[in-house]
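Participant: Given these sequences and hints, build the entire structure.
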Amino acid sequence: MEDHYQHLYEMLSQVEGYIYPNEIELQWGILIVLYPYLTGLVAGAFILASLERVFKIKVLGPTYQLALITALSFLIVAPFTLISHLGQPLRAYEIMITPNGTSAMAIFGFIYLWYLLAVLNLEIWLDYRRDFVIWAKEKKGFMRGVYKVLSLGTSDISPKAVKLDDRLGYIITVIGIPSAFLLHGYVGFIFGSIKANPWWSTVLMPVIFIFSAMVSGIALIMILYMVVSFLRKVKIDMACLDTIAKYLFYMLILDFTLESLDQVHRIYEAEESFDILNVLVNGRLNITLFIFQIFSGMIIPLIGIGAIQLFKVREQVRKIIYLLTGVMVLVGIFFMRWNVVIGGQLFSKGFHGFTNFKLGLVGSEGLFMAIMWMVLPFVILAFLLWLLPPWKKEEAA
Amino acid sequence: MPAQINRILLLFTAFIGLFLVVRHFLIPETFGQYGHYRGASLDDISSREMVFADKEDCFACHDDIMEILENEMHAGLSCLICHGPGREHVDDPQLGNINKESGREFCGRCHDIHPSRPLDVVNQVDIKTHHTEKTNCIECHNPHALWEGME
Amino acid sequence: MAAAGTLVLSSVSRPFNVLLMASDPPPEEGPWWGIAIDITTCIGCGMCARACKMENDVPDEPFYFRTWVEQYTVLNNGEVKIESPNGGIDGFKSSVPEEEIFKTFFVPKMCNHCSKSPCTQVCPVGATFESPDGVALVDEKYCIGCGYCVQACPYGCRYLHPEKKVADKCTLCYHRLKNGLAPACMEVCPSKARIYGNLRDRDSEIVRFLKEHDYQVLKPHLNTGSKLYYNGLTAEIS
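Protein chains in written order, with the working numbering: chain X, 1 to 397; chain D, 1001 to 1151; chain P, 2001 to 2238.
Everything labelled a hint here was simulated from the structure, so no lab data went into it.
Keep in mind that a hint or two might mislead.
As the list claims (entries may be wrong) - Below, in silico cross-link-like pairs of lysine-lysine (DSSO-like), each with a Cα-Cα straight-line distance of 27 Å or less:
1) Lys56/X - Lys163/X
2) Lys1128/D - Lys2093/P
3) Lys2081/P - Lys195/X
Facilitator: Printed below as a string of structure tokens:
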């Protein structure tokens, strides 16, 4: 408690202008930055998978299962960032049993469960059911039992049954696309619907969140595909990688357009809050916004991948560009979430001053906690790739 | 029905059923009594202990002060402003936990000259220069009968 | 089987009972509390903010306030200076040379107890709500401490209680109100700059006050249905 107050006294000394006295402390820290970041990666990865499945972009085939399993790994971790930031984490279940119908946040539990259970898990299960049956026969001992349980006791792998799996999986993917939009669009709505906060309150917020989610998710799968191929020592399917990069390019353009539109609209309308937001953007947010989010997260990747669309570039160079731009995009989108969540709390709702944010290292809202939640999805991903190896599927087929 | 659909439906039904049963037992008894909240929380909040007393409580015993105050500048002011919360004192008058604030700083909270302070609402003096030979305002001013000592 | 069916059915319907009844108009009986603050009579003694902390177990540190007082100073060059050192609890010292001042006054702030309150709207679990008599309250045994209501309040009137780890805010001293006593901040206000009362009672002090003064609410464009009415609110105040 003493540390907490000491931290707040330090923040108090950094207040500029006048802020309401309760505003010195930021309610939402780095964990709430991570939350939309993680769900965005989920939604984006899923959309990439459905490009292959629903829109029949067959060249993306090698990344289909990888994208789905990545989405699942990140989705499992996403709610923990929310729960661990709560003042009363043990009461988190209340959001499921008495959800408030007028709260955007209350619907989270249901959209989350719907997406986890009815969309992602089902789609993966249907896709792997046949393999579970085969693997259960091939393996011995404990692993045989595991795959038996995973197959839920089904054993029919006749072409007819497999066709039904495929058909059902297709239907679920079709339902899954709007669900993925809903999952992340609503995260945008959580911020966009707060009329007290002009930095958040814009109708474009859910749309921007959806497109930035697709950008980050596609970039993540692009990198993961390269890394996983490298680790497995197999050759990267360049047609697939180029296609992913092409979609990343399209999404970047859309996202950049939408975010610019939002800012241009703000600047042109120059409402009551404009003056303070202007100072915010050019002051406390200038590095994270102009350098990380816009320059290195948007413009450089656009130029990098754009150049590949225009000119003939050697394969080795293309890979390096993809890897670099992928990382830059991921960092850029992280700072986009940062600028929304942290930026929205730095200025006073009275529009007369600023507080400050200092990221602590330890504690439930500290950097180490955030790193843990950021690493955990990759651990789960590694485990799931071991349990459900997409490449073993190909052999079985 | 094909086995896979069968299994999915079974699992989902079991999950939803379990959820509804658990939910039934977790919802607090009075939830939804008046609105989307725990009805009993209204009682929780309204049964909180009071810290400040009420002016009427003071005058129940201190009717002499009430009479003095009646035609005074400070008439209408709550005793608690200068004397502190006082609920404990009302409950047990033996407890002497009553403030008798009288210093320049305290009186100055209302009476020190300040540009933001409306002059028609309260009399103001500069506490830094007003009779600096005296340390305490009550040496001249009885807060219950302000001009008494001045005559 | 029948018992299980009833269990499931009642479990599904119970939280919706209120929604089903929502078509009924709100009860016209009982009080409907409102607040009026007269900026022209506030003398900036800060007793209200001090009493509030004592009455309501608000941490003493200067980051948590259910009510506070702001000092506005409009300078001759048009610049607006706002201060609220420790919420006004320690009183105010004048900080600008008098010849530079165009206009200056005190503005007490507290929860607006909005009738269309953005804070209770966003609570995910139903832990903060508007009571039947129009007071925005927090159920500290049910709040999960997510902080969403703090974000949603346009007036900065909420905070997370550092020890209880739940949202905390002005209750209009509900525990006093229910016993017929004035909220602590109003009890100790020496200049009667703050009054409260039943807005449904035509003869109440507050209704009379509203009749006799040109009142305004804070941030009217946000349509929060604020029930905190100010007399003397000027363009500088936000």
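Participant: Take a quick look at whether lysine 2081/P and lysine 195/X sit within 27 Å of each other, Cα to Cα.
Facilitator: holds, 25 Å
Participant: Straight-line Cα separation of lysine 1128/D and lysine 2093/P no greater than 27 Å?
Facilitator: holds, 12 Å
Participant: Taking 27 Å as the top limit, are the C-alpha atoms of lysine 56/X and lysine 163/X close enough?
Facilitator: holds, 17 Å
Of the numbered hints stated above, none is contradicted by the structure.
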